[in-house]
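Student: Following the hints, complete the assembly by docking chain H onto the known chain D.
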Amino acid sequence: MNRGEIVRAIIEFRNDAVLIMGPGKSARIVWEAPLHPATMHSMELAYASPMAFGVALGAPNQRVISLEGDGSMFAGTQSLGTIARYAPANLTVIVIANGVWGTGDASIPVTLQPAKYADLALACGWEPHRVTFATELGPLREALRRSATAPGPWFIAAASVSDDDSSVNADGSLRPRPTPPTDLIEAADATRRYLLGNRKAQF
Amino acid sequence: MSAVDVVAVADGLHDGLVAGEVGHCIYVPDLVMLPVTSRCEADPSIRTIVCAREDEGMAIAAGLFLAGKRSVIIMEASGIGYSGLILARAQMQRTPVFIMASHGGLLGEVFDFHGATNAAGRGVLAGLNIPHYVLRPNDDWSDVVRLALQTVHGQRSSFAVFVPPYMLLDTERV
Chain D
1 MNRGEIVRAI IEFRNDAVLI MGPGKSARIV WEAPLHPATM HSMELAYASP
51 MAFGVALGAP NQRVISLEGD GSMFAGTQSL GTIARYAPAN LTVIVIANGV
101 WGTGDASIPV TLQPAKYADL ALACGWEPHR VTFATELGPL REALRRSATA
151 PGPWFIAAAS VSDDDSSVNA DGSLRPRPTP PTDLIEAADA TRRYLLGNRK
201 AQF
Chain H
1 MSAVDVVAVA DGLHDGLVAG EVGHCIYVPD LVMLPVTSRC EADPSIRTIV
51 CAREDEGMAI AAGLFLAGKR SVIIMEASGI GYSGLILARA QMQRTPVFIM
101 ASHGGLLGEV FDFHGATNAA GRGVLAGLNI PHYVLRPNDD WSDVVRLALQ
151 TVHGQRSSFA VFVPPYMLLD TERV
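Listed in order, the protein sequences are those of chains D and H.
My numbering puts the first residue of the first sequence at 1, with every later residue one more than the last.
My numbering puts the first residue of the second sequence at 1, with every later residue one more than the last.
One chain only, chain D, in its complex shape:
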C-alpha cells in the first residue's frame, strides 16, 4: 500500500467522524476530497492522538479518528497507554507506518519497524482484538469498516511503502505543495462548532 491508498480508504469509511491529523503529507490527500468541517490538520508532533482522545471523552456519541505517522506516534507513545486505560468506545487511532521520519530527505528510519506498532499498542494495554496491523488494502478496509460500525477503541497500524504518491506525479515530476483549505484557527473553530451541534459550519 502507499499513503494515498491508505488515506483514501480512511476517508471512505470516515462518515461523520472528527479527524485530527498529525504533521506530514497525509493531510494533502485528505484535502483532495470534499472537506468535512471537523477536520484538523498539522497537529504538532505527538499531540494528534491525545487531542482526539480529549474530543472523544467530551463527545462520547461522536466518532473521532486520530491519524498519525509512525514518527509522530513514536514521539507520543505514552498516549497509547493513557487511551488504553480509559478505552473510549468512539476513538480510532490510525498510524501510517512507512518506517522513516517523513521530513528532511525522509531517509532516517523511525526506531520501530511498521510491524511493531501493533506490538507497541498491545504492550500499552490495548486489547488484542482491537489492534490491527495491515499490510494490504483488504485487511485495512475490513479494520476501518469495523471501526466505523462497532464500539472501540480501535488501533490500526497500516504499513506504507516509504515513497508515497502525495507529492510526486505518475511521471515522477513534483506536484506543487497544496495549500490547506482551512488555516489552523478556522479548522479548530469549525470542528468545535460541528461538535457543538452547528453542522453547517463550512469554509
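Every beta carbon over 12 Å from chain H, so not counted as near; a handful from chain D, in silico:
1. Arg8
2. Ala106
3. Asp119
4. Leu122
5. Pro128
6. Arg141
7. Arg145
8. Pro151
9. Arg175
10. Arg177
For each label pair, taking beta carbons as the anchor points, the in silico distance ranges come out as:
11. Asn129(H) - Ile108(D): 30 to 36 Å
12. Pro180(D) - Arg156(H): 20 to 26 Å
13. Asp105(D) - Asp11(H): 55 to 61 Å
14. Ala42(H) - Asn61(D): 26 to 32 Å
15. Asn61(D) - Ser45(H): 16 to 22 Å
Some chain H residues near chain D, calculated using beta-carbon distances under 10 Å:
16. Ala52
17. Ala59
18. Ala61
19. Leu64
20. Phe65
21. Thr95
The set of hints was computed from the structure by calculation and includes no laboratory data.
All residues carry an ideal CB built from backbone N, CA and C; glycine is no exception.
Tutor: Leaving out everything else, chain H in the frame of chain D:
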C-alpha cells in the same frame, strides 16, 4: 504547624472547580496537588484522567474544549515546561486550557531542585503571554479558581494558577 489551613485551601480549590462547572480533571500525580486531585477523584461530578506526561494532558484538555467541556489540568509546574508547543497551539487555535500547578510562585520554595521547575513553568507562560496567578493565603481560593475559569472561557485564553507548596502541604513536608 503551617500558617495556612491546608485543608481549607484544598476544599476551596475543589469548590472553585465545581463552581466553575469543571467536569473533567486531567492530572499527572503530584504530592503538593494530591489534596486537590484526591477531592476530584472522590467527586462523582468530575471525571478524572491520569496521564503520563503533562503536555499530553494539555492536548487532552484542548480536545475537551473542542467538545465544549470544561476541564482542569493539574500538575507540578515543571510540566508546563514540557508543554510549550502544545500550549502555543492551544492559544493559536483558541482552544484554551486551565492549569493548576504546584510551585512556580517563587515564595516559600525550600529546595533548590525546584528551581528548574519554577523557571520552566514561569518561562513558558511568559513566552506565550499566558496569564497566571499565584495563590496567596488570604485569597478566596474558590473564587480565584471560579474567576480563572471565567477568564479561560470568556477570553478563550489559557490561564494558570500556581499553588506554592506551603499552601497545600504541612510545613514539615514542604
